[in-house]
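Heads up: the protein sequence lines correspond to chains V and A, in order. One rule links them: number in our numbering = place in the first sequence (from 1) + 13. One rule links them: number in our numbering = place in the second sequence (from 1) + 13.
Honestly, the hints are just simulated from the structure, not real lab data. Incorrect hints may appear among the rest.
Which copy is meant is left open, because identical chains are indistinguishable; a pair holds if it fits in one copy or across any two.
Under the rule of at most 25 Å between Cα atoms (straight-line distance), these lysine to aspartate or glutamate pairs were calculated in the DMTMM-like manner [said to hold, decoys possible]: (1) Lys203 with Glu38; (2) Lys34 with Asp117; (3) Lys329 with Glu18; (4) Lys36 with Glu246; (5) Lys249 with Glu38.
Keep in mind the model is a prediction, meaning the values are calculated, not measured.
For reference, the chains in residue letters:
There are 2 protein chains.
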Amino acid sequence: MKVSELGEFGLIDLLAEIAGKPKSESVIIGIGDDAACWHAESDLQLATTDALIQDVHFDLNDIAWRELGWKALAVNLSDIAAMGGIPRYALVSLGLPGKTDVDDVRDLYKGMMQLARGFDVDIIGGNITAAPAVMISLTVLGEAATQGNILTRSAAARGDRIAVTGALGASVAWLAMLKRRLKLSQRAAKALRDAHVKPTPRVAEGPALARCGVKASIDLSDGLLSDLEKLCEASKVGARIFTDRIPVDATVRRSFGDAALSLALAGGEDYELLFTAPAKIIDRAKRELPCPVTAIGEITTGSGVKIIDEKGLDVKMKNRGWDHFGGRAR
Amino acid sequence: MKVSELGEFGLIDLLAEIAGKPKSESVIIGIGDDAACWHAESDLQLATTDALIQDVHFDLNDIAWRELGWKALAVNLSDIAAMGGIPRYALVSLGLPGKTDVDDVRDLYKGMMQLARGFDVDIIGGNITAAPAVMISLTVLGEAATQGNILTRSAAARGDRIAVTGALGASVAWLAMLKRRLKLSQRAAKALRDAHVKPTPRVAEGPALARCGVKASIDLSDGLLSDLEKLCEASKVGARIFTDRIPVDATVRRSFGDAALSLALAGGEDYELLFTAPAKIIDRAKRELPCPVTAIGEITTGSGVKIIDEKGLDVKMKNRGWDHFGGRAR
Chain V
14 MKVSELGEFG
24 LIDLLAEIAG
34 KPKSESVIIG
44 IGDDAACWHA
54 ESDLQLATTD
64 ALIQDVHFDL
74 NDIAWRELGW
84 KALAVNLSDI
94 AAMGGIPRYA
104 LVSLGLPGKT
114 DVDDVRDLYK
124 GMMQLARGFD
134 VDIIGGNITA
144 APAVMISLTV
154 LGEAATQGNI
164 LTRSAAARGD
174 RIAVTGALGA
184 SVAWLAMLKR
194 RLKLSQRAAK
204 ALRDAHVKPT
214 PRVAEGPALA
224 RCGVKASIDL
234 SDGLLSDLEK
244 LCEASKVGAR
254 IFTDRIPVDA
264 TVRRSFGDAA
274 LSLALAGGED
284 YELLFTAPAK
294 IIDRAKRELP
304 CPVTAIGEIT
314 TGSGVKIIDE
324 KGLDVKMKNR
334 GWDHFGGRAR
Chain A
14 MKVSELGEFG
24 LIDLLAEIAG
34 KPKSESVIIG
44 IGDDAACWHA
54 ESDLQLATTD
64 ALIQDVHFDL
74 NDIAWRELGW
84 KALAVNLSDI
94 AAMGGIPRYA
104 LVSLGLPGKT
114 DVDDVRDLYK
124 GMMQLARGFD
134 VDIIGGNITA
144 APAVMISLTV
154 LGEAATQGNI
164 LTRSAAARGD
174 RIAVTGALGA
184 SVAWLAMLKR
194 RLKLSQRAAK
204 ALRDAHVKPT
214 PRVAEGPALA
224 RCGVKASIDL
234 SDGLLSDLEK
244 LCEASKVGAR
254 IFTDRIPVDA
264 TVRRSFGDAA
274 LSLALAGGED
284 YELLFTAPAK
294 IIDRAKRELP
304 CPVTAIGEIT
314 TGSGVKIIDE
324 KGLDVKMKNR
334 GWDHFGGRAR
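Build the full structure now, drawing on both the sequences and the hints.
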């Protein structure tokens, strides 16, 4: 059945059923009223919004609806994690061509719910409308984990070490593989594809960083260099990172040789956390976070990001990350 | 200049400047970080999301960008008002074709800010991306005005009177005028156009209803009948409304003759509040609200909405409101 046959209200009923009753006892009104309503558990409330648009962020030939639902939520959870917050609720604003299959929308929601349940996030509201292309705009609401301690882009200070969670480059390597029609082993291809279509946001790690005493963080959505530049700009500092310390994803390193490093530096969509703090706090984070943490450089005076190779020389790079209108930016 | 020339980050900087610094002292982090952060002023937090999509909800030949910005925010403020809440913050998720003129986007934001400032709402975050058509998805965050008293669709009770704020039908009459190429006086045409492109949400009236002791409310976005049906369904009750009590907009009544009533009943996009309460509370609302309040019927047992004409006979109507995939619904 097409969504135009089921109609807006039938679709809302269906999706409300998949979303289920909110698990959080703090929710007073969920899906189905003019607005959602919940008891604040923390004095500090957080909100972020991000959208995925067909043929801009995804191609329906390359991603399953279920994966799309997962990813649309993942990118927003990542933003809350970057603030050191705990995600609680999501509002889903959907635009769908009338010819969209209802089963596909069901899968979209199932993918979203799969990730939401894993992190105790309730879908408490949304909106569905006709649109010329598939548009998924999510808002995620969260709360500060520890009273008063949120992580910001503007709190980096000279002398801080710079660190990242996990490994980088796999998500964009999947796109590079498709574009260049590279033949990788089935296993390698699957690893890259999973990184791109089903990223796992660092939901536990964000609040853990806040507990460790980290103050500055950003999530890696546009690419390490681009996002580090944004953090430096917001904090009015510069940065120096070392190519031989970048945690390039192992599959990317094996499959892309010399190109692996630039995929990791400028790739985008890794949804890892980049953070800065004094060396002692970075060491604490290395011990306490449930994922790899790698120190990759340091915050300096001045502005801009310098890339230093293993010989101590400055590296110049042309492409530094994604701009959603022009492709590569800055 | 086109948005594709200015780029995502240049556009974000520009729009952040138009949005300005948050006026609310409760905002800790506004535009420019991974998420917005604010101090909760009330225990009860509210959130709603609604989108306007080009050629589904608006035609750029018929509405100015400034009006579009106003309207995109207005429809969301209306949802918070329907809960009896006070709107505080907005997050703006924009999808724009690369060829969109930067000046148009500036106007869109200016229109949004004009309404936002009037009601002390701060734009504290958002997201911009390329899209095949203009897409404006807003999330508005609000708080309960009076601790514990929010209005819901599910609180209508048998014996309640049904009332609406303001007058109905002008917004859809503007569309009818365009479609049928009617020649109305300049003044009449302007009144209808204003109702459609620049609706003023009942931001003060929503919390006032809560203070009066009203428990059940819905905002009129899809049309009186359609929205009253939704309220009845959520409350598991029926309703009876009387055609001679419907506050049909004066311009619509003058310009559309016999068709005026059905425009008011099934029109949509009035953004008035429909609410139900015992007669005494409706009387209190009539005295205390800063706008006209009209009692139009009563809540009954059973289900569905009956329309009774001036002779006491049931009226049958085919078109009962908007479905965003199929046009007229239910």
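First find the shortest C-alpha distance between Lys329 and Glu18 inside one copy, then the shortest across copies, and answer within, between, both or neither for a cut-off of 25 Å. Close across copies (24 Å), not inside one copy (55 Å); limit 25 Å.
Evaluate Lys34 and Asp117 at a C-alpha cut-off of 25 Å and name the case that applies: within, between, both or neither. within (22 Å within a copy, 41 Å between copies)
Pop the pair Lys249 and Glu38 into one bin, within, between, both or neither, using alpha-carbon distances up to 25 Å. between (42 Å within a copy, 24 Å between copies)
My question is about Lys203 and Glu38: at a cut-off of 25 Å on alpha-carbon distance, are they close within one copy, between copies, both, or neither? neither (39 Å within a copy, 48 Å between copies)
Within a copy, between copies, both or neither: which one fits Lys36 and Glu246 at a CA-CA cutoff of 25 Å? Intra 40 Å, inter 24 Å, cutoff 25 Å: inter-copy only.
In summary, the one numbered hint that this structure violates is 1.
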